[in-house]
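A.B. asks: From first to last, the protein sequence lines stand for chains A and B.
Take the first sequence: its position 20, counted from the start at 1, is 19 in numbering that gives the first Met the number 0, and no numbers get skipped.
Take the second sequence: its position 66, counted from the start at 1, is 65 in numbering that gives the first Met the number 0, and no numbers get skipped.
Hint data in this document are derived by calculation from the structure and do not stem from the laboratory.
Just so we're clear, the structure is a prediction, and the values are computed from it rather than from any experiment.
Every residue, glycine too, gets a C-beta built ideally from N, C-alpha and C.
Keep in mind that a hint or two might mislead.
Claimed, not checked - Partial list, derived from the structure: chain A residues whose beta carbon lies under 7 Å from chain B:
(1) Ser12
(2) Ile15
(3) Leu17
(4) Ala22
(5) Leu23
(6) Ser26
(7) Leu48
(8) His71
(9) Ile77
(10) Thr82
(11) Pro84
(12) Ile90
(13) Gly118
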Amino acid sequence: MTGLGFIAELATSFMIVLGASFALIGSWGLVRLPSLMERLHGPTKASTLGLGGILVGSVMFFQLDKGVWSAHELLISIFLFITAPIAANMIAKVQLHILRDRKAGTLVGPAGEPPHPPGAQDWATYEAPHLGTPTSTSQE
Amino acid sequence: MIEHAATFGLGCLTLALALNLWRLIRGPSVGDRIIALDTMVINVLAIIVLIGIANANDTYFEAGLLLAMVGFVGTVAYCKFVLRGDIVE
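Produce the entire structure from the sequences given, and follow the hints as far as they go.
C.D. replies: Next comes the structure, spelled out in structure tokens:
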């Protein structure tokens, strides 16, 4: 290697190995878990954390090896940490609608169907826009 | 040491991509396929970052950032299409 000290090299390698292992565990969970609502946990948490670990390792590598402070990796990780929950929420909504429509090939998990919310209202994702819906979603 | 760590990481991520591909083919519902594609995008992003480390090259991150944005938009567009039957309403 170039001018990296042993400790710096060890720390960077550790972050890379940790991140790759988390990504692998997330994908293993995607294959192994029984239904979609459980499968969402693997990729959205473990894989995102794994990519975060690899990006931290990359920041350390370019800082310690080249002496260059690069913010690209932090940009990627911030963007990913913002968008991963939104994507997971959209996929969960798709699954809720599919469960309600009872399309073929869907599997209700061990936890069963999601419970009905308290009161007379249904979950917001099933409802058509009505009086009192925020304007950003009710117009058109 | 970093070369060996990068090789190990690339092996792990390749195996992860194979597992995602299995879930993408196997199904059984649309949501499974969407989430398999989303995870594949994240794993490919990790592979791009690892190749950047292994080559000590700074240029790969632009590709990674672009892939992160396109992957998110793709996932949301696919979900919107399944939910509403249309993407841009």
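A.B. asks: Hint compliance check: list the failing hint numbers for this structure, sorted ascending.
C.D. replies: Hint check: 3, 7, 9, 11 and 13 fail, others pass.
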